[in-house]
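A.B. asks: Sequence:
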Amino acid sequence: MKLYFDESGQTGCVVPNKNGDLYRRNQRFFVLAGIVCQDEEDEQKLVDKYRTFLEKYGVDSVELKGTELLKPENEKMLDDFIENMLDDRHMYICCYDKIFYLASMISTYMFDRQTMIDDPLLYFTQQSALTRENQRLFVEFCKAVEIGTSEARRSFVQFMVAYPYEKFDANNNLYRIAANKMLDFFDESEEMPEFPLPKGKGAYLNDNITHLINLNALGESLLALRIIYGKKQDDMEICHDHIIEFENEFLDTMKGEHIRFADSKSEILIQYADNVASGFRRIYTETTEVFGKGKQWEDNKQFYPRKLSRIMQKITERNIKFVTAISDWVLPIAVAVQFDKKTPQAAYNDTDFMKLFLLIKDRVLENIVSMDYDVD
22 MKLYFDESGQ
32 TGCVVPNKNG
42 DLYRRNQRFF
52 VLAGIVCQDE
62 EDEQKLVDKY
72 RTFLEKYGVD
82 SVELKGTELL
92 KPENEKMLDD
102 FIENMLDDRH
112 MYICCYDKIF
122 YLASMISTYM
132 FDRQTMIDDP
142 LLYFTQQSAL
152 TRENQRLFVE
162 FCKAVEIGTS
172 EARRSFVQFM
182 VAYPYEKFDA
192 NNNLYRIAAN
202 KMLDFFDESE
212 EMPEFPLPKG
222 KGAYLNDNIT
232 HLINLNALGE
242 SLLALRIIYG
252 KKQDDMEICH
262 DHIIEFENEF
272 LDTMKGEHIR
282 FADSKSEILI
292 QYADNVASGF
302 RRIYTETTEV
312 FGKGKQWEDN
322 KQFYPRKLSR
332 IMQKITERNI
342 KFVTAISDWV
352 LPIAVAVQFD
362 KKTPQAAYND
372 TDFMKLFLLI
382 KDRVLENIVS
392 MDYDVD
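Quick note: the sequence shown uses my numbering, first residue 22, plus one each step.
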């Protein structure tokens, strides 16, 4: 089996940039997309299929970037791509929320990993709620990790005690309770949890680029694909888009994997993966923003939810992993049903959607409880 990967949402680091922001606008979500080739014959069919698509739209001398698909003048091409170039056998997507990643680090630090193993539902509901807090909380955490001293760690814990939480019951806030207990038994010798590749420590060739979750996303995607297709490590050949800043870390961290790097201009299936990653990230991001503003029932705001619905139906949720807050995991599954073109217009309302959302949420929560978290 051969896998071709490309990513979208790399711009903007997980740690604060020079402006003090954790990401640029529309860059909160990171998406890694893989094109799955079952064998050499299957690979050639995909190459031919994608080339035919490019020729159909006159893209014969330069590569088609995913951003082009989302231009208003290319809606016909986008619809064609969704309808005829996506399926549930050749695509896999891992969608990461950068804030959720930081929330997971804070939660593990405050509660310890055993809490996730013993009570995953409590752990992930708390973590999801934390994700909805103001970005300032996560900026403070990043600053403390970067300084790395005992004093910085104590200051962050004090910050967690005093922080005016918006998404938690003031009398039953587990983060504040944990922070108070940590201060009561503060251990000067304990260290802050460190990012796998801390900024400014020579982890990447460019210290201004500290994008950590691409490694997580690739590792989790490979594990999921092995489970889905019953493959072992030696059964997979991986080709990832050429990103010079990350390649040494990829090779060092992913030891044992059959991985190589190539330019998207020389590997047409990486171009294909780019189109999947870019298209999904933009459409998913815009959909979450539309719902976040409560404008999803306005006729002129249904463009992205309708596109996301069709993408979810084509790739299916089995082949998309959401490493996000619970509500952001549930949302696209509900959108896939509610914004189907067969759904009566009368059903486009908050009441019907909320009923559907809560049904799917129950299924997601059951999924969280059933998973085994006691693995290294």
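Hints in this document: simulated from the structure, not taken from any laboratory. Remember, it's a predicted structure, so these values are computed and weren't measured experimentally. Watch out, some of these pointers could steer you wrong.
Derived BS3-like pairs (lysine-lysine); straight-line CA-CA distance at most 30 angstroms [what the hints assert, rightly or not]:
1) K362 <-> K70
2) K363 <-> K316
3) K188 <-> K314
A.B. asks: With reference to the structure, classify each hint as holding or not holding.
C.D. replies: Now for the hints, and whether the structure bears them out:
Taken as a hint, the K362 and K70 pair is honoured in the structure, with Cα atoms around 26 angstroms apart against an allowance of 30 angstroms. A C-alpha spacing of about 21 angstroms is found between K363 and K316, which places the hinted pair at or below 30 angstroms, so the restraint holds. Of the pairs offered as hints, the one joining K188 and K314 holds, with about 17 angstroms between alpha carbons and a cut-off of 30 angstroms not exceeded.
Taken one by one, the earlier hints all hold for this structure without exception.
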